[in-house]
Each structure stands twice: as C-alpha cells, then as structure tokens.
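Student: Turn these sequences into a full structure, and let the hints guide you.
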Amino acid sequence: MPSIELAARLPGPVAYVLAGGASYGAVQVGQLRALAKTDITPDMIIGTSVGALNGTVVAEDPGGAADRLAALWSTVTREDVFGKTLPTAYRLAARKSSAIDNKSLQAFIEGAVESRDFADLKVPHTAITTDFDTGEVVPLREGDLISAVMASAAIPAVFPAVERDGRRLVDGGVVANVPIGIAAAQGAQTIVVLDCGFTVIAPQKEETLRANLMRMAAIMASQQVRRDLEKVRDRTVLYLPGPWPIGSRPDDFRRSQELASAAYDLTLEWLAELRIEGPGRYGKAPSDFLAR
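Residue 1 is where the sequence shown starts when you use this note's numbering, and the numbers rise one by one after that.
Heads up, a few of these hints could be off.
[Unchecked claim] The calculated label-pair distances, taken between Cβ atoms and stated as ranges, are: (1) G280 x G187: 17 to 23 Å; (2) R116 x G280: 35 to 41 Å; (3) D133 x M220: 17 to 23 Å; (4) D165 x A185: 33 to 39 Å; (5) A107 x R9: 38 to 44 Å; (6) G280 x E136: 27 to 33 Å; (7) S3 x M220: 26 to 32 Å; (8) T41 x A107: 39 to 45 Å.
No lab work stands behind these hints, which were simulated from the structure alone.
Every residue gets a Cβ at the ideal spot worked out from N, C-alpha and C, and that includes glycine.
Tutor: And the structure:
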C-alpha cells in the first residue's frame, strides 16, 4: 500500500510531465521512485527528449517503471547514447547536417522500451518534437513509438532530424523542454512536473563554445517554463524537487546513480510534507533558484 496519500486532493485528469535534459534524466528515476510511494497515478504522460524515453517506460509499465529505469540508468554511458566518438571541430564543420548519426541512440531506445507502437502503451503518452522547418511544436501520440522517441531526442546539429509524415522533426526541447502548457492543453487539471534541472546548468570553470551553447539553451528553456507556468495558474501543479544545480555536463552519464538517489530523497521528503489546498503551484522550478 502507498505510504503517502495525496490522490484524493488532486483533480483529474493527472498528467506526468517529464522534461528533457540528456544525462540529467537520471533525476527522474529518483522522482519516479518517490512517486511510487504515493497513491498518485497518471492519466496521461507528456515527455520531451530524455523525458519522452523515461515517460514511455512509465506509460508501458506504470507499476514497474521505476525499477526498470533504475536498472537502465545504473549502467548507461555516454557511448550508449552518442556512440564511441564525437567528431573534432573540423569534422563537425564539414558535416552536412549533424555531428553524429543516431544508430547508437536508436539501439539504446530499442533496448529500453519493449513497445513499438503508441497503441501498445497502458497510459496515453505524448512525445514532444519540433518541426525543424517551421519551428512548430509537434506532439506525437500515435504510430511508430521508436521513431517518435528518437525524434523527441534528436538534438539539432548533434543528431539528424527524423522524418515522419513529410516533416523533419528534432528535439522537442527546442520549443518545449518542460511541456507544462501542452499538458494543460490536453486537459490535465493536475500536472506533476518531473524536471531534470537543465535550466540551472552550473557555470563552467572555462568559457568554452560548448559551455556557452549549453548556457544559451538553458536560458531559452527557463523562459519557456516561466511562460507555461503563467498559463496554468488555475491548475494544480506539483513541481517536484531535485539536486539543483547538478554541476556536471548534460552529456556526462557517470553520476546517474548519485543523481537518482539524491532526487529520491529530496522528492520523498517533499511529498511527505506536501499539503494541497486547491489549485496553484506547489514547489519551485529549478530556474527559480537563479532568480535574483
């Protein structure tokens, strides 16, 4: 039996929103393990990038997802996702569209997910992608599941775009890294946000090109979160905590178990102390910690 009872005070439908953040997705493992100690169950799941992958596992196996993801993230490496080598700056500049192919990413997703079609999932799931030609948000809810998750995680210039229905689709984090507004548009009255903390990337010791590009992406993502939160003031939003700032790069997977463990402890304590008094936001977004 769940040890923390909250569901009776949460209006439905309930959405789990899983944000993007590459290796920071390990945080969601701890958050999901903590949620498993409650009586909250999702009616829908919306995920971006790594959140689309983690969300797919939740959607196909709600009861066992936390344990499955804990096992997956305990062994994942950078090579599993990005392949054995990343190009030098010279080779990168010579490529036509992306730094690397998506073969390793595809193999990783296929190994993590048992289902192959959205229709196979037990909970409705939406993978958020971006139309690379128009900049539109493209939510994927039906058809081939693997290509949808690949598209949602296709970081522009790193991975090639994924073609579906005549559109070139890339990482949903370009426009909706934490798709809170999309959850509301789909009718969610309670939105449980599993953020990875990408918007509070710790400052690097040296200002490299890569660090500055990540900082730019983090700033853009934080602005999207602020806009979405303004739109959902009439909803009940549970913004789960995490170990912010994480302090390592989003392409560094060596701290996955540490991040999952820290997120579990923080989230479980927060949920145990949570008192819901109607609509509104409960908890802080990672970007709140940067406000001056």
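Student: With respect to the beta-carbon atoms only, verify the hint that G280 and E136 lie 27 to 33 Å apart.
Tutor: holds, 30 Å
Student: With respect to the beta-carbon atoms only, verify the hint that G280 and G187 lie 17 to 23 Å apart.
Tutor: Given range 17 to 23 Å: holds, Cβ gap about 18 Å.
Student: For the range 38 to 44 Å, tell me whether the beta carbons of A107 and R9 fit it or not.
Tutor: The hint (38 to 44 Å, Cβ to Cβ) holds, given that A107 and R9 are roughly 43 Å apart.
Student: Take a look at whether the Cβ-Cβ distance between T41 and A107 falls inside 39 to 45 Å.
Tutor: violated, 31 Å
Student: Holds or violated: 26 to 32 Å for the Cβ distance of S3 and M220?
Tutor: violated, 39 Å
Student: When you take the CB atoms of R116 and G280, is the distance between them in 35 to 41 Å?
Tutor: holds, 39 Å
Student: Regarding D165 and A185, is the given constraint of 33 to 39 Å on their beta-carbon distance met?
Tutor: Hint violated: Cβ distance 20 Å, outside 33 to 39 Å.
Student: Against the range 17 to 23 Å, how does the distance between the Cβ atoms of D133 and M220 compare: consistent or not?
Tutor: Given range 17 to 23 Å: holds, Cβ gap about 19 Å.
In the structure shown, a violation is registered for the earlier hints numbered 4, 7, 8, in ascending order.
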